[in-house]
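Spelled out, the chains give:
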Amino acid sequence: MKFPYSEKVLDHFKNPRNVGKIENPDGKGLEGSPACGDMVAVYLNVNPETLVIEDIKFESYGCASNIATASIITEMAKGKTLEEAKNISWKQATEELGGLPTVKAHCSVLAVEGLRAAIRDYEEKHGLVSEKETTTEEVVRRRLKHVMNPMAGLDIIRTELVTKIEINEGSVRILIDLPSDHQFASAIKEDILEKIESLWDVEEVKVVFTE
Amino acid sequence: MEDKTAYFDNSASTRLDERVLDAMKPYYFDTYAVATSEFAYSMGIDAKEALEKARSTIADSLNASPGEIVFTSGSTESSNMAIKGVTSALKKKGNHLIVSKIEDFPVLNTAKALEKQGFEVDFIEVDDRGRLNTDQLAETITDETVLVSIQHANQEIGTLQDLESISGICREKGVLLHTDATHSFTRVPIDVQKIPVDLITIASHTIHGPRGVGGLYIRKDTPLNKWMDGGFQEFNLRAGLENIPGAVGFAKAVELVTEEENRQIKALRDHLIERISSEITNVILNGSKEHRSPHNANITFHYVEGESLTLHLDMRGFAVSTGSACFSRSLEASHVILGIGGDHERAHGSLRFTFSRYNTLEETDAIVDAIKEIVAQLREISPLYEKK
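For the protein sequence lines, the chains are A and B, in the order given. Quick note: the first sequence uses numbering that gives the first Met the number 0, first residue 0, plus one each step. Quick note: the second sequence uses numbering that gives the first Met the number 0, first residue 0, plus one each step.
If you are wondering where the hints come from, they were derived from the structure by calculation, not from laboratory data. Errors might be hidden in some of the hints.
Quick look at which bits of chain A chain B covers, simulated, 3 or more residues with Cβ under 8 Å [what the hints assert, rightly or not]:
{"no.": "1", "region": "36 to 50"}
{"no.": "2", "region": "60 to 68"}
Below, a sample of chain B positions facing chain A; criterion: calculated Cβ distance under 8 Å [claimed, not checked]:
{"no.": "3", "residue": "Tyr302"}
{"no.": "4", "residue": "Glu304"}
{"no.": "5", "residue": "Glu306"}
{"no.": "6", "residue": "Ser307"}
{"no.": "7", "residue": "Leu310"}
{"no.": "8", "residue": "Ser323"}
{"no.": "9", "residue": "Ala332"}
{"no.": "10", "residue": "His343"}
{"no.": "11", "residue": "Glu344"}
{"no.": "12", "residue": "His347"}
{"no.": "13", "residue": "Ile380"}
{"no.": "14", "residue": "Ser381"}
{"no.": "15", "residue": "Pro382"}
{"no.": "16", "residue": "Leu383"}
Cβ coordinates follow ideal geometry from the N, Cα and C atoms, glycine included.
Looking at chain B on its own, in the form it has when it is part of the complex (with noise of 0.2 Å):
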């Protein structure tokens, strides 16, 4: 253990699979011309093949058509495209867009933005496990309200939202909808035949594939202008030369996720919540038990701070992530432990686990271990401790 990291933070990003990269590397030394070649010579087709290979392999996954898929650079571009373009493309019907209070920076700041711009922003409440209201979403649209985005499982918490009950007030209401699924794609299925969404990010750097490339599902039909300009690439959505490596990377990704695969993750991350729970005394799960993405644990270890505890358990080889505000650097704690109502203490406690495909029942029972003796010799220098 000691020469090795046990990662603990894989919804920051993961371990590459070596089987991606073998998938990736003739598009870097073979194959590497760009698609839009495809009219000049051979390798623009093979690279234009690759490429459109990846798109359908994606759109399969959420059940959609290969032309709804838009290659990005990652889930940040996904949801900016989808905000700004969509608002930018019904101005003239509204200026009203709808986000929950604990969408992740790339929705959040990016509506924030536009309320500076003078857009009308609803940031909404979620109840103490992170859910949203529905009725109160649907009090929420108004003739204005072009767009709502609300994720689908949270960054932090690890809580999935009733897309389908969300989808269908937006549907009813003739309000496109658009969901971040950077924390669940692979992991919670989304079939958008079934489910009415209209726009989902997704991202590859979650389950194993390369960082810098992620995608926008756009149902067909879906308004939406370009806010980037350039070339006529992406049904001249997206500007700029494809990165076909990634985007073949990436289908690999999609391709080696099984249900299998996340039934043992899930098992793993159960194992750490119930051995956590019944071994430590005053800690609290944050977020639904059973509204939960199968790779996430989040856990409050009142009366120690979150990142003395995290240092602790680097030392030791462990990296995990906290919603402390010691933690980040703009020193604010975690806005989606206050807004599932948590105070300030809370936040500054909670740690997040979340699993891959790597994690092993060794690593998480030793995690389980490092923690119980880091929070029972950090509690007994607290003040806080025995006053409670």
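Next comes chain A alone, as it looks inside the complex (with noise of 0.2 Å):
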């Protein structure tokens, strides 16, 4: 039998590694949308002494590479430290995998984000984030590339459905190019203030369609 992945990914996507999900965890990531197609968990035991992850399992509803990527990932980040998870790359798994079709790089992608969104949650929880970074444009934009716009399976900055970002005291404005009565309006605007609300110094996000 001939498959478009490679016998690792194959392999991972049959028996998944660190699959399941981890009462209470430490640090939790959650990426991704049933709306989207792609939606990932991940949960984090860690070590507070050594900051070691002692322990991750993750949860996928997604397609082959969503489940190989997630599943090389724990095994990778298993035993680091949470700085040196942090700096796993989506580049560094898929050759783990040795390689996925670029068309579905972002299904993949989105296991990388679980991990670090686990991380960060387990960061911000213990007050690890040292320095609080106030919320710019660029910081709602790098936010916003994690909501995906389920028309094209990719996120709503790459196509370009935000058409202006506007902050102004603690208040988030944010334009979408669809109109409040697209099928997809409310599941984007929840995605969007999932996002942003939980930003330190973000007091009101208020996300506004074009009429």
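Join these two chains into a complex; the hints should help.
Right, dumping it as structure tokens:
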């Protein structure tokens, strides 16, 4: 049988490592949404003394690239410190898997983002984020790269759905090039709120759709 | 089961029937002349006769006249020929075209291409089962409308349109009707004497005939400009040397489809739907239950992603298709599932099973057993499943 994936991708897809959920994890990250077709959750248990990832598990609602990348990422991150794990790149994960079809890049990036989100969650909860970065347009833009445009399977920044970002004394206003009655308007809005409201200096987020 | 794929993707293509190949062979090795040589030598006459006999057989299956069938290279060409040919011929009458939102790509993308050239196109909605609202169709037709193109059976969810009502409305309003019958031809009969449809796209590859051959039924006196220039073949409507072995094979394939076979295919399909619906939770049958082509089942398995499901099935020797975006190179989810009001999650978890004469009860049971296991396994690792 022939498949569009490497042997290693297929192996991790068929027998994913570290699958499941950690109850009361030290850190947790959730990326993607059912609307865009891929979703991954990463759970961490971290040694508070050494900051080494002692246990890591994932759950995936996704395609082969997504499952295989999440699986290999958990193997790569286990036993590493948070700092080391943070630096695991999508490129390294892909190389470790023996390559992935280019068209499937976004499905696998999500797994890497899931790991980073879980690490960030741990750091925020444990007061490890030393410098509080001021929310700028750049920061918002970076976070919005994690909000998918379900119509394209790519994020809302790359697909130019975001037309304007305004930040004024803790209030963030994001203009989206979609009518408010569009079938994905509420899903996108919800996702944006989740990503931006958690910023420390943001008090209010307004998502404005074009009429 | 391990060394042989159980194939449930017969709307994509079917296995060629050996009897079809046997019928075609002489036209590759013995009678290989082209039909246009009929006045030059006897092999040309034989070739011409074979071509016309094939045309007759296909015309009979629609209760049409042989002069109303043009052979093409397949359904994509047929639909292009119908839509571009009619809109071009009736340019002076108007520039409005109506198609449904869930048409297959040959119709949808031809309509979009015409729209770019300045044509007015209405892509009309269907209900949650994929059926067109005929009142809405009637309201959308204007004095400018020159053609309505509504498929017979949908390529993904198998929903059958009410061609009788649709053609009645078009006839009443004086507008031509084209129907893409690629996924219903011979499975759900159309009698052009009873249903006043003007153009019908038909194909060979969906009924165990050869690929690269199809046809277009063109009701007598339908205005149509040729859109491919060259020789004078096919009533001067379609230039290019005739694919005689293809036409002969197509006709043989049409002859081989029987009512009994359609009943058997439907019984297998119903067995699959019945077992999945009763043995797996959180599933939906997409499309209409009663107005449905007999060989199609399209089912969403919630909380799992279609590409993962199809890949696992492939590893176990089953071939199916999915509406998941991850399955397609364009990363776009099925426009049909979205068109019937489904969300992306529903499209992502949908599987299309299409049956043919070669499917068996044994492999139908085997695929259901495999799906049960794989769906349970994928739901186990899905972050969505337990939350709901």
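Against the structure, the hints:
Residues of the region 36 to 50 of chain A with a Cβ under 8 Å from some Cβ of chain B number 5, which satisfies the need for three, so the listed coverage holds. Counting residues of the region 60 to 68 of chain A whose C-beta sits closer than 8 Å to any C-beta of chain B gives 7, which meets the bar of three, so the coverage hint holds. A hinted interface residue such as tyrosine 302/B counts as satisfied when its beta carbon comes closer than 8 Å to some beta carbon of chain A; here the least separation is about 7 Å, so the hint holds. Interface restraint check: glutamate 304/B against chain A, minimum CB-CB distance 5 Å, threshold 8 Å, status holds.
Checking glutamate 306/B against chain A: minimum C-beta separation of about 4 Å stays under 8 Å; hint holds. Hint on serine 307/B holds. Least Cβ distance to chain A is approximately 6 Å, under the 8 Å limit. About 5 Å separates the beta-carbon of leucine 310/B from the nearest beta-carbon of chain A, less than 8 Å, and the hint is met. Taking 8 Å as the C-beta contact cut-off toward chain A, the hint placing serine 323/B at the interface holds, the least distance being around 7 Å.
With a cut of 8 Å, the hint placing alanine 332/B at the interface with chain A holds, because the nearest CB-to-CB distance is about 7 Å. With its C-beta approaching chain A no nearer than about 5 Å, histidine 343/B sits inside the 8 Å limit, and its interface hint holds. Evaluation of the glutamate 344/B hint against chain A yields a held restraint, the C-beta minimum of about 4 Å falling below 8 Å. With a cut of 8 Å, the hint placing histidine 347/B at the interface with chain A holds, because the nearest CB-to-CB distance is about 4 Å.
The closest approach between the C-beta of isoleucine 380/B and any C-beta of chain A is roughly 5 Å, which is under the 8 Å cut-off, so the hint is satisfied. For serine 381/B, the interface hint holds, the least distance from its beta-carbon to any beta-carbon of chain A being 4 Å, beneath 8 Å. For the restraint placing proline 382/B at the interface with chain A, the shortest Cβ-Cβ distance is roughly 4 Å, inside the 8 Å limit, so the hint holds. Hint status for leucine 383/B relative to chain A: holds, with the closest Cβ pair at about 5 Å, below 8 Å.
Checked against the numbered hints given earlier, this structure breaks none of them.
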